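Below are the chains, spelled out letter by letter.
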Amino acid sequence: MREKIIYGMAVLAAVLLARNLHSTFLVLPDEANQGMIYRIMFFHIPAAWTALLACAVALIASVMFLVTKDFKYDALAVAVTEVGLAFLAVNLVTGSIWARIIWGIWWTWDARLTSAFACWLLYFGYLMLRGAIDEPTRRATLGAVFSIFAFADVPIVIFSIKWWRTQHPQPVFWGGGSMDSAMWLTTMLNWVALMLVGAVLLLIRLRQEEAQREIDSMRRMVHAI
Amino acid sequence: MTGAAIAVAVDAVWKFHGDYPALRDIGMKILPGQCVALLGRNGAGKTTLLRILAGLSSAGRGTVRIFGNPVRERETRRRVGVLGHGISIYDELSALENLRLFGKLYGIANPERSANEWLERTGLERAKNGLVREFSRGMRQRLAVARAFLHEPDVLLLDEPFTALDDRAIAVLQGVMRRAREQGRTIVMSTHQLREALDLASHVALLNRGKLGYFGERTAEMLADTGWLYRHYDA
Amino acid sequence: MNFLRQALTIAAKDLRAELRTKEAIQASLSFALVILLLFSFSFDPSEDEIRVLSGGLLWIVFAFAGALILNRTFAREIPNDCLDALVAAPLSGAALFLGKALASFILLFAMELMCFPVFGIFYNVRWTGQFWPLMLVLALATWGFTVIGTTFSALTVNMRLREIMLPLLVYPLMIPCLLAAIRLTSHLVAGQPLDPEVMVWMRLLVGFNIIFTSLALVLVESVLLG
Chain A
1 MREKIIYGMA VLAAVLLARN LHSTFLVLPD EANQGMIYRI MFFHIPAAWT ALLACAVALI
61 ASVMFLVTKD FKYDALAVAV TEVGLAFLAV NLVTGSIWAR IIWGIWWTWD ARLTSAFACW
121 LLYFGYLMLR GAIDEPTRRA TLGAVFSIFA FADVPIVIFS IKWWRTQHPQ PVFWGGGSMD
181 SAMWLTTMLN WVALMLVGAV LLLIRLRQEE AQREIDSMRR MVHAI
Chain B
1 MTGAAIAVAV DAVWKFHGDY PALRDIGMKI LPGQCVALLG RNGAGKTTLL RILAGLSSAG
61 RGTVRIFGNP VRERETRRRV GVLGHGISIY DELSALENLR LFGKLYGIAN PERSANEWLE
121 RTGLERAKNG LVREFSRGMR QRLAVARAFL HEPDVLLLDE PFTALDDRAI AVLQGVMRRA
181 REQGRTIVMS THQLREALDL ASHVALLNRG KLGYFGERTA EMLADTGWLY RHYDA
Chain C
1 MNFLRQALTI AAKDLRAELR TKEAIQASLS FALVILLLFS FSFDPSEDEI RVLSGGLLWI
61 VFAFAGALIL NRTFAREIPN DCLDALVAAP LSGAALFLGK ALASFILLFA MELMCFPVFG
121 IFYNVRWTGQ FWPLMLVLAL ATWGFTVIGT TFSALTVNMR LREIMLPLLV YPLMIPCLLA
181 AIRLTSHLVA GQPLDPEVMV WMRLLVGFNI IFTSLALVLV ESVLLG
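Protein chains in written order, with the working numbering: chain A, 1 to 225; chain B, 1 to 235; chain C, 1 to 226.
These are calculated hints, taken from the structure and not from any lab test. Wrong hints could be hidden among the right ones.
[To be verified] Sample of chain A residues facing chain B (criterion: CB under 7 angstroms; computed from the structure):
| no. | residue |
| --- | --- |
| 1 | Ser23 |
| 2 | Arg39 |
| 3 | Lys69 |
| 4 | Thr114 |
| 5 | Glu135 |
| 6 | Pro136 |
| 7 | Arg213 |
| 8 | Asp216 |
| 9 | Ala224 |
[Unchecked claim] As a list, the in silico DSS-like pairs of lysine-lysine whose alpha-carbon atoms are at most 27 angstroms apart:
| no. | chain 1 | residue 1 | chain 2 | residue 2 |
| --- | --- | --- | --- | --- |
| 10 | B | Lys211 | C | Lys22 |
| 11 | B | Lys29 | B | Lys211 |
| 12 | B | Lys29 | A | Lys69 |
| 13 | A | Lys72 | A | Lys162 |
| 14 | A | Lys69 | B | Lys128 |
| 15 | A | Lys72 | B | Lys211 |
These figures come from a predicted structure and were not determined experimentally. Yeah, the Cβ is synthetic: ideal placement off N, Cα and C, and Gly gets one too.
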């Protein structure tokens with residue numbers, strides 16, 4: 001059953017992605033100011049939203065683990081953090097490519113780039129912390145505590161970097177302008193597609209995590225004999 | 001029998017490492033004045049269980065109550081003394097400072113006086129102002145005993161107390177335990193030294209791979225033949 | 001009140017033990033001096049440049065050197081399994097945390113205070129123009145650093161590579177606090193008063209401290225019991 005759900009979602013994601021790629025490259029016109037490159041936004045923005053959502057799910061899963069001590073939630077927390085990090089990386093890389101075309105540089109300490117990078121580092125620390133602890137219960141507990149700290153920090157990081165940068169000269173943002181409704185639709189649909197991809201990855205990762213836990217406990221069982 | 005009349009009540013306690021249960025469904029009721037020898041092979045879960053009783057680790061499932069109260073409650077911990085593997089005293093502080101520190105943390109009435117009494121009892125009064133890092137091994141062990149029990153706990157938890165102790169420290173510890181038994185206090189100790197443990201104990205608990213294989217009074221058979229218990233209950 | 005007394009007992013214990021060996025404070029202070037010296041001759045900044053750089057320079061020094069103190073906060077409980085005795089004793093995890101944080105705060109603050117005159121001499125800066133506001137900023141930012149550092153000292157205490165893990169986890173979390181501290185310190189060392197333009201950073205520091213002090217006090221029990 002679970003297998004079928006994963007396949008179903010994957011197929012749905014593929015169809016949606018195909019539809020979005022078609023409309024992105026063959027239907028929608030170039031943007032007036034930016035030309036061709038603005039299309040990267042259809043991935044850049046939904047990836048950021050997906051990553052943000054992943055952080056929120058990680059927070060909820062971490063709190064639930066501390067309350068219930070149920071390893072289901074620990075598996076969810078680590079799986080969703082990894083998937084979130086992947087999407088945040090997509091966001092960072094696409095942002096950097098966009099900056100290369102529009103600003104002529106790969107990287108600038110622009111507020112959003114910097115805070116996205118800081119968040120990435122923060123959650124990467126979560127995975128690093130887990131990697132350093134062998135005992136599963138301790139790993140899950142300390143990981144959960146760290147995840148809560150990280151989530152509380154994200155908005156403050158974003159705010160502080162934004163404030164820091166606004167006091168400095170900064171590259172010009174692309175001219176405000178409201179998004180055309182067709183573009184809006186594609187952005188939203190691509191968000192749905194990326195969320196589906198994320199969910200598929202999450203489910204696969206969750207299964208791995210559960211299998212790993214089972215293997216670990218069997219190992220301990222063998223050692224105990 | 002009400003909860004408060006049971007010194008240590010362990011009810012359906014499980015401890016997990018991931019999915020692996022290190023303790024499975026442990027249940028026992030230890031009454032005031034009993035001295036329980038916690039036996040079992042290495043890795044059977046003796047230390048894990050003692051740590052849960054001491055409030056150093058939380059049970060994955062089930063409850064532990066001491067005189068009817070949860071272990072992590074402050075009043076409960078005041079009534080419990082723990083002697084673990086480590087000596088739990090600070091090398092950079094003097095013997096007196098160490099005892100005074102824990103006396104204060106346990107909120108005993110006159111930390112200074114209790115500390116001095118215990119220093120005398122453990123034969124350390126002459127060295128009381130010396131830093132612990134200058135102490136010999138035996139002196140440190142005696143100080144550790146004083147540190148663990150200077151607040152006169154009603155429940156004494158000891159993890160392998162006699163392992164690697166020198167003669168004098170063993171004598172001190174035995175004195176403390178004898179006194180505790182006379183005063184009707186409760187003792188739970190894990191140990192490998194079957195002979196000595198069975199002499200002291202009123203009850204025996206045998207852990208086998210996280211399960212409680214036997215819990216009950218120490219019988220004459222056990223004293224007569226130390227292998228009896230393992231042969232019958234440690235499959 | 002009992003809570004506060006127990007926290008103070010722990011803090012006094014930590015400070016006394018530290019002053020006997022002076023391990024952490026000596027390591028931290030000499031590390032700080034080395035970085036200050038290295039910066040001074042590798043960049044050789046002019047007077048105008050140093051006014052702009054001072055906050056960043058000082059806080060990078062404090063963050064690096066401070067990690068040595070914070071690492072010891074819980075690590076000093078390890079050698080004889082002392083942490084077990086403290087956790088088994090009838091004091092709440094929050095009191096234990098607060099006591100340890102207090103001791104670390106005092107050590108960090110002392111290290112930072114000693115760095116200022118050295119900084120003034122090496123870089124030829126008159127930094128005392130706004131002395132008391134500067135001390136206030138120093139105290140607030142150091143408390144933020146202490147709270148995060150103490151929490152993670154407890155988290156990493158039984159870990160292999162503890163010394164490396166702590167800074168890797170702490171610095172990203174510290175970004176808001178560090179940014180505020182850097183901006184305010186530069187501002188005050190340059191002799192400008194705490195005007196409305198920089199008040200947002202003061203508010204940020206206070207908010208950061210409140211949020212993470214509360215989080216730490218709530219979560220420390222889970223960390224200690226694992």
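The hints, checked one at a time:
{"no.": "1", "hint": "Ser23", "verdict": "violated, 46 angstroms"}
{"no.": "2", "hint": "Arg39", "verdict": "violated, 45 angstroms"}
{"no.": "3", "hint": "Lys69", "verdict": "holds, 6 angstroms"}
{"no.": "4", "hint": "Thr114", "verdict": "violated, 38 angstroms"}
{"no.": "5", "hint": "Glu135", "verdict": "holds, 6 angstroms"}
{"no.": "6", "hint": "Pro136", "verdict": "holds, 3 angstroms"}
{"no.": "7", "hint": "Arg213", "verdict": "holds, 5 angstroms"}
{"no.": "8", "hint": "Asp216", "verdict": "holds, 5 angstroms"}
{"no.": "9", "hint": "Ala224", "verdict": "holds, 5 angstroms"}
{"no.": "10", "hint": "B:Lys211 x C:Lys22", "verdict": "violated, 48 angstroms"}
{"no.": "11", "hint": "B:Lys29 x B:Lys211", "verdict": "holds, 15 angstroms"}
{"no.": "12", "hint": "B:Lys29 x A:Lys69", "verdict": "holds, 26 angstroms"}
{"no.": "13", "hint": "A:Lys72 x A:Lys162", "verdict": "violated, 37 angstroms"}
{"no.": "14", "hint": "A:Lys69 x B:Lys128", "verdict": "violated, 45 angstroms"}
{"no.": "15", "hint": "A:Lys72 x B:Lys211", "verdict": "holds, 25 angstroms"}
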